[in-house]
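Take these sequences, add in the hints, and give me the full structure.
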Amino acid sequence: MLKKFLNLLRKFPIILGFIGVVVLFSILTNRFFTLSNFLNVFRQISINAIIAFGMTFVILSGGIDLSVGSVFALAAVVGASIIKGGNVFLGSLAALGVGAAMGAFNGAIIAKLKLQPFIVTLATMAIARSFTQVYTQGRPITGLPSTFREIGRGELFSVPVPIYIMFAVFFISLYILSNTKLGLYTYSIGGNEEATRLSGIKVIRYKVTIYTISGLLSALSALILTARLNSAQPIFGTGYELDAIAAVVLGGTSLSGGKGTIIGTLFGAMVMGVINNGMNLVNVSPFYQQAVKGAVILLAVMAERSE
Amino acid sequence: MDEPGVILKMEGITKKFPGVLALDKVNFSMKKEEIHALVGENGAGKSTLIKILSGVHKPDEGKIFLDGEYVAFSNPIHAIEKGISVIYQELNLVEELSVAENIYLGKENRNWWNLGKKVLIERAEKLLSKLNFPISASEKVKNLNVSEKQLVEIAKAMATNAKVIVMDEPTATITEHEAKQLFSLMRGLKEQGVSIIFISHRLEEVFEIADSVTVLRDGKLISTGKIDQYDKNRLISDVVGRTISDMYPKENTVTDVNAFEVEELSVPGYVNRLSFNVKKGEILGIAGLVGCGKSEVALAIYGGIKAHAKKALLDGERVSLPTRPDISLERGVLLIPEDRKSQGLVLLLSVTKNIVLPNTKFITKLGHIRWKEGRKISGNLVKKLNIKTPTLSQKAENLSGGNQQKVVLAKGLVRKPKLIIFAEPTRGIDVGAKVEVYKLMNELANQGVGIIMISSELPEIVSMSDRVLVMHRGVQKAILEGENINQENIMAAAMGG
Amino acid sequence: MKKILLIAVLVISVFALAANYRIGLSLSTLNNPFFVTLRDGAQDMANKLGVELIVADAQDNPAKQLSDIEDFIQQRLNLIIINPTDSDAIVTAVEEANDAFIPVITVDRASNGGLVVCHIASDNVAGGRMAGELVASLLKGEGNVVELEGIVGTSAARDRGAGFEEAIANYPGIKLVAKQTANFNRAEGLTVMENILEAHPDIDAVFAQNDEMALGAIEAIKSAGLLDKIIVVGFDAIDDAVAAVQKGEMTATIAQQPYKMGELAVQKAFEYLSTQTIYIPVDLKLVMQE
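Protein chains in written order, with the numbering used here: chain A, 10 to 316; chain B, 219 to 715; chain C, 516 to 805.
Accuracy of the hints is not assured; some may be wrong.
[As the list claims (entries may be wrong)] Here are the simulated BS3-like cross-link-like pairs (lysine-lysine), alpha carbons at most 30 Å apart as the crow flies:
1) B:Lys450 / B:Lys468
2) B:Lys590 / A:Lys20
3) A:Lys211 / B:Lys594
4) B:Lys381 / B:Lys336
5) B:Lys344 / B:Lys300
6) B:Lys583 / B:Lys594
7) A:Lys211 / B:Lys336
8) A:Lys190 / B:Lys281
9) A:Lys12 / B:Lys594
10) B:Lys249 / B:Lys234
11) B:Lys594 / A:Lys13
12) A:Lys268 / B:Lys559
13) B:Lys450 / A:Lys268
14) A:Lys123 / B:Lys276
15) A:Lys268 / B:Lys336
16) B:Lys281 / B:Lys524
17) B:Lys438 / B:Lys606
18) B:Lys695 / B:Lys468
19) B:Lys336 / A:Lys20
20) B:Lys606 / A:Lys12
21) B:Lys450 / A:Lys121
22) A:Lys121 / B:Lys444
23) A:Lys190 / B:Lys601
24) B:Lys634 / A:Lys190
25) B:Lys613 / B:Lys579
Calculated from the structure, these hints are not laboratory results.
The following block contains the structure:
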């Protein structure tokens, strides 16, 4: 039992990091280690974690998706504008559709034209942000029906709905990556795209699917935040791509592709969320907070390397 | 440790890689101003020894003495500073820069960029004329051919006052005429006080140029001495460790039914209207120099690159040339790609996952992979092909070259093939694994599979093929059969004769 | 008939003359409703006066703003209205306009150098003080207070915070129990407030340095069920915030009147092109439920 746990730690040093920050903040304040704060932290983490799960697919396949933050905003405002009109289901569907379409667009350009994912998604990041601003004329969309708001605000057995959504996405991703063709090909494309192609796999099709997943999940995450805030904002999601990438890399996934796990990403997102939460609880001066986050990322990546 | 006349001495060098003992207490010693041939099969440990000498790898055991002084290189730059330069087969030049800039790139003068271009070119011209190299210092490297680029690499080494220059198969990619020129330049370097380690698979060349020989086999030192202590037979038996008939078991029976036939196969820029057929049970060898288009033929038949043909018949049926690999797989056409690391395997994935990769459809239902069945399939193949791996979940990168190659073969054996293209099937694998690969080829041929073997290793082409198609610059120069299959005829055709 | 003709000619020539004025408006960002409103005010006034307004969005990037203004100078505009992304970084651009003899008016944030015809702004320190006094009086001089800071290092964050803290310092019973940044962002206002509520469930009032953060904080307070216990004061009076004040969710917001600032900037620009003007502050106004 203990041995199994130690093995797990060796495989995922990020779990050790997670335990470390939890212990640290528990010592610093008695307000941290409480059930209500844990539910609170997990609800906050859900936003970044869901995007990061999508990002895990992309990075495992050897790519990167910088457009998630902007796609997040576009999906949020498109969805919110329809939801505000009264049709919650259609609006949610539209948001997810926008996310998936942007992702598919990324994937198609990257795979078909064999362009660098970094530069393609950098471009769509700008384009999606611009669409968002045009669509909203720079104004937030506020005042959404309470049925919709349950996605973000609701609770089931005193556990917030976003936490259920996050774990549902987590388990589905876990299943896809370990037990399906799509998962196997995600790893193999990232490990060696040419060998995968020569093994008769339709690499283009799978790459499009992978980026579509990333776009879809940022849209899902956008719906949760929109519901929680009762508002969709054109500035939503700025910098979210970096948070998601940080969570993925903290979780031990290699930026060069082919190597990593979704469990690692979950813990990566948890570490980032707990640090944010803990620093607020302890009332750390905002001047230091960025440095603390940066230092944690560096430490984690260094621990990963020394493995 | 000061022995007169000895420039380099390596003592008791041992190097282990996961799963392989690459070098086992190897001694190597060479004199000043000599050309010393280092020979051995692929996987014998030559390249590991060179990588240790040049500071790329650290030895697990053993010591290196240069000019009587004990040295331990921490990295390649350190080795270069001490006077050891390696000229690899893949040349290391910046194509967009001039010859002079390449020679002095990052060398000597800490701020060489402050030198005017003119001064730089003058210095390079002086060096080149001293070495008697017929290239211009101001020419851009991208405008040179392969043998000229080699000279730039040599000049680069000489600019750092190299004491020992290692040349890794310098003749593999150049013509015979160019090789002769290279040899005379090498003799010139020797007179200027440089010692050269020369690696080659061509035994004739060893006798032509070398003063001394060291033979490695399976990571061990087999023999070393002056060249006049060797004759061709001794050298071959030292290198191979057994007689040739053991090396190349050939026991397939050719039928008269065509497995595959193609007319006017063309790959734009590489292959021009190639027509040939391969019978069931036959091994058709395709030979030619590097860049002759034979690699592209393999990919074209398999659908790996864009190509077209007037007519193609598989198993007697008219087929269009495949546009994607999956089409070929469905038809029963397999490719064992020439570079297992970049084309054959996903090194980060396990043995099972690599084997299953092109065969997911047999174990998948609605996208769900039944890994239990996957492990059963891979377990059987691992046993059948005698793949040495601790577990099925071992990552492919941790296997030795020979076992990696067997995993590539296993990928193809899940299906019932009609035609298999083996591209460089034994490149860089040890002798034992080679024989197993040949035996497998025989076995497949005898099951009625047509086999195309594309190879740069003449002995294997000569010994294993029923017929040999020789290519030169994208066109077919000869189809050799029976008695006519020998190294001389193949080389003659490959040179365009 | 002659008279009518004369008037017509006069009117036409006035309009023709007016239409000749081309004024540039370089905004720090259009990603914030505050500046969108400011632009609307400027645009409406420009339409009314018949001047051509050319708007550039610097996306909070001082480098982009400099090149935006250089483009304006190249176009030989009659006057440039600048809403600087940063008071120091803008000096170069102002000086370049000075060199080209194009007058400059600054809005909201001032320039720390160069010659400016006039500066139109509301006083952030006074606004912060206003919020502090309000909180103190509503709490009757006693209670736990939280401050949500804007982007660390911006002048708005600095000034509003300074005013607020200066005001509450006069009341020894008021304790500032947490001061955390939420980067002027609604989503961050939500999470930061949630976290603070975990640490301090006994909070009496929140001052957010802009409405976006205040609205996020209100969502957090709402889910904690403390809406009727906690006073929330925002800043800027954006539409959402005004609506929240009307609904009784937000206690008050300090109105900066961006629309008026935009209007005034263009109006003063128009005036300046014949006469000269001086510093005109735009009054702050407290928006509370009636």
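Against the structure, the hints come out as follows:
1. Proposed proximity of Lys450 of chain B and Lys468 of chain B is supported: the alpha carbons are some 24 Å apart, at most 30 Å.
2. Taking the CA atoms of Lys590 of chain B and Lys20 of chain A, the gap is near 23 Å; set against the 30 Å cutoff, the hint holds.
3. Simply put, Lys211 of chain A and Lys594 of chain B have alpha-carbon atoms about 25 Å apart, close enough for the 30 Å limit, and the pair holds.
4. Proposed proximity of Lys381 of chain B and Lys336 of chain B is supported: the alpha carbons are some 28 Å apart, at most 30 Å.
5. Distance restraint check for Lys344 of chain B and Lys300 of chain B: the Cα-Cα separation of roughly 23 Å lies within the 30 Å cut-off, and the hinted pair is therefore satisfied.
6. Only pairs whose Cα atoms come within 30 Å are accepted, and Lys583 of chain B paired with Lys594 of chain B is accepted, the gap being roughly 17 Å.
7. Among the hinted pairs, Lys211 of chain A with Lys336 of chain B is inconsistent with the structure: their alpha-carbon atoms are about 53 Å apart, more than 30 Å.
8. Between Lys190 of chain A and Lys281 of chain B the alpha-carbon distance is near 50 Å, which puts this suggested pair outside the 30 Å criterion.
9. Between Lys12 of chain A and Lys594 of chain B, the direct Cα distance comes to roughly 29 Å. Compliance with the 30 Å bound is thereby established for this hinted pair.
10. For the suggested pair Lys249 of chain B and Lys234 of chain B, the alpha carbons sit about 28 Å apart, so the restraint of at most 30 Å is met.
11. For the given pair, Lys594 of chain B sits about 26 Å from Lys13 of chain A by alpha-carbon distance, which is consistent with the 30 Å threshold.
12. In summary, the hint linking Lys268 of chain A to Lys559 of chain B is supported, as the alpha carbons are separated by about 17 Å, within the 30 Å threshold.
13. Between Lys450 of chain B and Lys268 of chain A the CA atoms are separated by roughly 49 Å; this puts the pair beyond 30 Å, and the hint is violated.
14. Straight-line distance between C-alpha atoms of Lys123 of chain A and Lys276 of chain B comes to about 38 Å, which puts the hinted pair past the 30 Å bound.
15. Annotation: proposed proximity of Lys268 of chain A to Lys336 of chain B is violated, straight-line Cα distance about 49 Å (limit 30 Å).
16. At most 30 Å may separate the alpha-carbon atoms for a hinted pair to count; Lys281 of chain B and Lys524 of chain B exceed this at roughly 51 Å.
17. Taking the CA atoms of Lys438 of chain B and Lys606 of chain B, the gap is about 21 Å. The hint holds against a cut of 30 Å.
18. The straight-line distance between the Cα atoms of Lys695 of chain B and Lys468 of chain B is roughly 25 Å, inside the 30 Å bound, and the hint therefore holds.
19. A distance of roughly 57 Å separates the Cα atoms of Lys336 of chain B and Lys20 of chain A; the hinted pair therefore is violated under the 30 Å criterion.
20. At roughly 28 Å between alpha-carbon atoms, Lys606 of chain B and Lys12 of chain A fall within 30 Å of each other, so this suggested pair holds.
21. A threshold of 30 Å between alpha carbons decides the hint, and for Lys450 of chain B with Lys121 of chain A the separation of about 54 Å lies outside it, so the pair is violated.
22. Distance restraint check for Lys121 of chain A and Lys444 of chain B: the Cα-Cα separation of roughly 58 Å exceeds the 30 Å cut-off, and the hinted pair is therefore not satisfied.
23. Under the criterion of a C-alpha separation no larger than 30 Å, the hint pairing Lys190 of chain A with Lys601 of chain B is consistent with the structure, at around 25 Å.
24. Taking the CA atoms of Lys634 of chain B and Lys190 of chain A, the gap is about 22 Å. The hint holds against a cut of 30 Å.
25. This hinted pair checks out: Lys613 of chain B and Lys579 of chain B have alpha carbons roughly 22 Å apart, not beyond 30 Å.
Violated hints, in rising order: 7, 8, 13, 14, 15, 16, 19, 21 and 22; the structure is consistent with all others.
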